[in-house]
Amino acid sequence: MSETLVSIWTDANTQWVLIGTLLLGLASGLVGSFALLKKQSLIGDAMAHAALPGICIAFLIHGAKSMSWFIIGAALSGLLATFFIEKMIKLSRIKEDTSIGLVLSVFFGFGIVLLTYINHQSKGNQSGIDDFIFGQAASLVGADVKLISAVAVLLIIITVVLFKELKLLTFDPQFAQGIGLPTGLLNGLLMTLIVGVVVIGLQAVGVILMSAMLITPAIAARYWTERLDHMVIIAGAIGAFSGVFGTLLSTTTKGMPTGPLIIVAATIIFLISMVFAPKRGLLVKAIRRSRLRRQVAREQVLQTLYDFTEQEYLQYKTGNGFHEQQIMKKRPISMSMLRKVLRSLEKEELVRRTGDALWCLTEKGLTEAYHITLRNRLMEVYLMNEMNYAHFNIRQDMDLLQLPEKVLTELKQLLKQYGREPLVLPANMNAGKRPYHRYASIGGK
Amino acid sequence: MSYEGWILLTGSLVGISCGIVGCFLILRKMAMLADAISHTVLLGIVGAYLISNSLEGVYMLIGAAVVGILTAFFVQLLHSIGVQSDAAIGVVFTSLFAVGVILLSLFGGKVHLDVEHALMGEITFIPWDILEINGINLGPKAVWMLGTVLILNLIIILLFYKEIKISSFDPDMAVALGIPVLFIHYLLMGMLSLTTVASFDSVGAILVVAMLIVPGATAYLLTDKLSVMLMLSALVGVLSAIAGYFIAMIFNVSISGSMAVAAGVIFAITFVLSPTHGLLSRWLARKRLQNKSA
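Top to bottom, those sequences are chains Z and Y. Heads up: take any position in the first sequence, counting from 1, add 643, and you land on our numbering. Heads up: take any position in the second sequence, counting from 1, add 140, and you land on our numbering.
FYI, nobody ran anything at the bench for these hints, they're computed from the structure. Misleading hints may appear alongside valid ones.
Here are the computed lysine-lysine pairs in the DSS-like style, where the Cα-Cα straight-line distance is at most 27 Å [said to hold, decoys possible]:
1) Y:Lys302 / Z:Lys730
2) Z:Lys733 / Y:Lys432
3) Z:Lys708 / Z:Lys730
4) Y:Lys305 / Z:Lys738
5) Z:Lys738 / Z:Lys810
6) Z:Lys897 / Z:Lys708
7) Z:Lys733 / Y:Lys365
8) Z:Lys681 / Z:Lys810
9) Y:Lys365 / Y:Lys305
10) Y:Lys365 / Z:Lys730
11) Z:Lys682 / Z:Lys807
12) Y:Lys169 / Z:Lys807
13) Z:Lys810 / Z:Lys708
14) Z:Lys1007 / Z:Lys1055
15) Z:Lys730 / Z:Lys681
16) Y:Lys169 / Z:Lys733
17) Z:Lys730 / Z:Lys810
18) Z:Lys1059 / Z:Lys960
19) Z:Lys730 / Y:Lys169
20) Y:Lys302 / Y:Lys365
21) Z:Lys738 / Z:Lys681
22) Z:Lys983 / Z:Lys972
23) Z:Lys738 / Y:Lys432
24) Z:Lys983 / Z:Lys928
25) Y:Lys169 / Y:Lys281
26) Z:Lys973 / Z:Lys960
27) Z:Lys928 / Z:Lys682
28) Z:Lys973 / Z:Lys1007
29) Z:Lys1007 / Z:Lys972
30) Z:Lys682 / Y:Lys365
31) Z:Lys682 / Z:Lys922
32) Y:Lys169 / Z:Lys738
33) Z:Lys1007 / Y:Lys305
34) Y:Lys169 / Y:Lys302
35) Z:Lys681 / Y:Lys169
36) Z:Lys922 / Z:Lys807
37) Y:Lys427 / Z:Lys733
38) Z:Lys682 / Z:Lys738
39) Z:Lys789 / Z:Lys681
Every value quoted in this text rests on a predicted model; they were computed, and no experiment measured them.
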């Protein structure tokens, strides 16, 4: 194993193949990002399948296996397929997905017909066209790889030079047209770039899996950033890494096709990105969601305790705290969640245990709960009279206490009218009118 | 029946089953899912072989159906966690297919299951793989398998016709009416995988995709009624199978490839000449309108 590894690094042809797949991965990540954001990633699939008849026709005309002829043939039939797809969507009621699938399967069927025709013609002489279906990077020879690398570099340069224009075309085609960019031409150029990547990838990755080279690195990169320039770079890096990884593994294992290994490597990177990416990853999202749920539960518990306290205050009595069951009856909250929240509130010294499963607010907790309750009740009255306050542009997620003083007073007035004013005031507001024994500092003295 | 007859019958059965299932895919804008499932079926077949260690049709059918539904499930899953749907399809089918090809190259040496077979099918050998019970020759196995799947499909469609129809055309209304839309979705996916795998063995992956999408699309250009569309689609499927076979015989080329090409030609003709949605009739209608307004 280690010997083969050494021989790989020293063998000139393998070095070239590695450079070729690296550049290919880079180019497909770059171009694929645009295709993905334009929601046209499956067009790459159609182009890859549609390239087969082009390759066969090039072989029939030229009469021998020649990389440059194959590339020209594949590019022409790929562009023809794109043309058919776009015309079909435009001129009939057939939708995009159907037209892609239709063109893809018919072109590929025609390719297979030509392939069998060639095989019968050349009487058992395997022309090597079969390699195009699954990809066999090891079968590439020096001159082919140099051609592939040259085209890849060309595609990368075009993408980098026209980055700004392509970006505009992707995100806001109307605006691009408005400022006088030739959008039709640019769109055609993007299609040509996609065809270019697909065509040079066919030999290494194969017809069937080539679309993944466009999609997978780009969608993986999408998880790591919100910026197109970063996304393009990350996608290129992922593509390049998968290309090198797949090629290395394929040349060390006998009879292993390159394409599938490249794609599996890219897919693993995609899965890792999907789960672990910061901001957009599933893990971070799950943590954020549970934190939010916790916060909502915390506010609910505090407000419920406040409601109970207020009722007690109105009925001129001071009980021995409030039971957990009582809270659960008023709020849709699970036992374990309630316990967890209460424990953390106790640590913050916002609530106090007064008996078995009995709790009440501390003075500090009362202040906190008062503000939560006030906020929620203000929102209630606002929602009841939404029409009158439309000009304030209040949103559901806004903190109503941050409103301008005038509006706040008005809303508080309404609160009083509806009798929803929170009655038990915290100590520092010092407005308690009658003694309340639970909290000595509230007008108690 | 003659050798030729069996091949034509097999092709026609594929055309009918795929044509019918394909209509729903087109109406639900899920045509690319057919492409995806027809590729991942390979993993199902390889997996079934690795687990059961036999090449019996039943195991293949089960394995492929399981992977087919898994494909649909994974696509749905990725879509629900925010991956755009075309990319979701692209990622799922290519990765599952890649795993299938890798397994095949690792263990495939011993299996009579080569990749070319998977792609192009072996419809020429179908008439020789005969089902015998008590020494009685009952005809090719593939015909029995395809026939069973077709009947199964027809039963499901007849039973749930209204539900499938409503949930295909107006999913929101279907939900409001209390139709289990998700169940219908997976029912269709199950039908799709069964049909794909039954056809896959005889005609290969390419023809399956072509037969699923092209006849349905052709019928879609000819009518506005679902029941008519289903029948037209089946008819187009049969026509392409027969025409494709004769093309293949004349030029001595791949039969399944020719069937796909024949389907494409029929579609192209319809695209131009369809009386309601064709290019020509629309062009004429526009001309007439221009003359009238002038």
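For each hint, the structure was consulted:
1. Y:Lys302 / Z:Lys730: violated (34 Å)
2. Z:Lys733 / Y:Lys432: holds (25 Å)
3. Z:Lys708 / Z:Lys730: At roughly 33 Å apart (the allowed maximum being 27 Å), Z:Lys730 and Z:Lys708 break the hint.
4. Y:Lys305 / Z:Lys738: Cα-Cα ~18 Å, so holds.
5. Z:Lys738 / Z:Lys810: holds (26 Å)
6. Z:Lys897 / Z:Lys708: Holds, at roughly 24 Å.
7. Z:Lys733 / Y:Lys365: holds (22 Å)
8. Z:Lys681 / Z:Lys810: Status holds; Cα separation ~10 Å.
9. Y:Lys365 / Y:Lys305: Given that 27 Å is the threshold and the Cα spacing comes to 11 Å, the pair holds.
10. Y:Lys365 / Z:Lys730: Holds. Y:Lys365 to Z:Lys730 sits at ~25 Å (cutoff 27 Å).
11. Z:Lys682 / Z:Lys807: With Cα atoms ~19 Å apart, Z:Lys682 and Z:Lys807 stay inside 27 Å; holds.
12. Y:Lys169 / Z:Lys807: Given pair Y:Lys169, Z:Lys807 is violated - Cα atoms ~33 Å apart, limit 27 Å.
13. Z:Lys810 / Z:Lys708: Outside the cut-off at roughly 38 Å; violated.
14. Z:Lys1007 / Z:Lys1055: holds (23 Å)
15. Z:Lys730 / Z:Lys681: holds (18 Å)
16. Y:Lys169 / Z:Lys733: holds (16 Å)
17. Z:Lys730 / Z:Lys810: Judged against 27 Å, a Cα distance of about 24 Å means the pair holds.
18. Z:Lys1059 / Z:Lys960: holds (23 Å)
19. Z:Lys730 / Y:Lys169: holds (18 Å)
20. Y:Lys302 / Y:Lys365: This hinted pair holds, its Cα atoms lying about 13 Å apart.
21. Z:Lys738 / Z:Lys681: Answer holds: Z:Lys738 to Z:Lys681 is near 16 Å, not above 27 Å.
22. Z:Lys983 / Z:Lys972: Given pair Z:Lys983, Z:Lys972 holds - Cα atoms ~17 Å apart, limit 27 Å.
23. Z:Lys738 / Y:Lys432: violated (31 Å)
24. Z:Lys983 / Z:Lys928: holds (21 Å)
25. Y:Lys169 / Y:Lys281: Roughly 33 Å separates the two Cα atoms, so the pair is violated.
26. Z:Lys973 / Z:Lys960: holds (21 Å)
27. Z:Lys928 / Z:Lys682: Status holds; Cα separation ~24 Å.
28. Z:Lys973 / Z:Lys1007: holds (23 Å)
29. Z:Lys1007 / Z:Lys972: Holds. Z:Lys1007 to Z:Lys972 sits at ~25 Å (cutoff 27 Å).
30. Z:Lys682 / Y:Lys365: Not satisfied, since the Cα-Cα distance of roughly 31 Å exceeds 27 Å.
31. Z:Lys682 / Z:Lys922: holds (22 Å)
32. Y:Lys169 / Z:Lys738: Given pair Y:Lys169, Z:Lys738 holds - Cα atoms ~7 Å apart, limit 27 Å.
33. Z:Lys1007 / Y:Lys305: violated (61 Å)
34. Y:Lys169 / Y:Lys302: With Cα atoms ~19 Å apart, Y:Lys169 and Y:Lys302 stay inside 27 Å; holds.
35. Z:Lys681 / Y:Lys169: holds (18 Å)
36. Z:Lys922 / Z:Lys807: holds (26 Å)
37. Y:Lys427 / Z:Lys733: With a Cα-Cα distance of about 19 Å, the restraint between Y:Lys427 and Z:Lys733 holds, given a limit of 27 Å.
38. Z:Lys682 / Z:Lys738: holds (14 Å)
39. Z:Lys789 / Z:Lys681: violated (31 Å)
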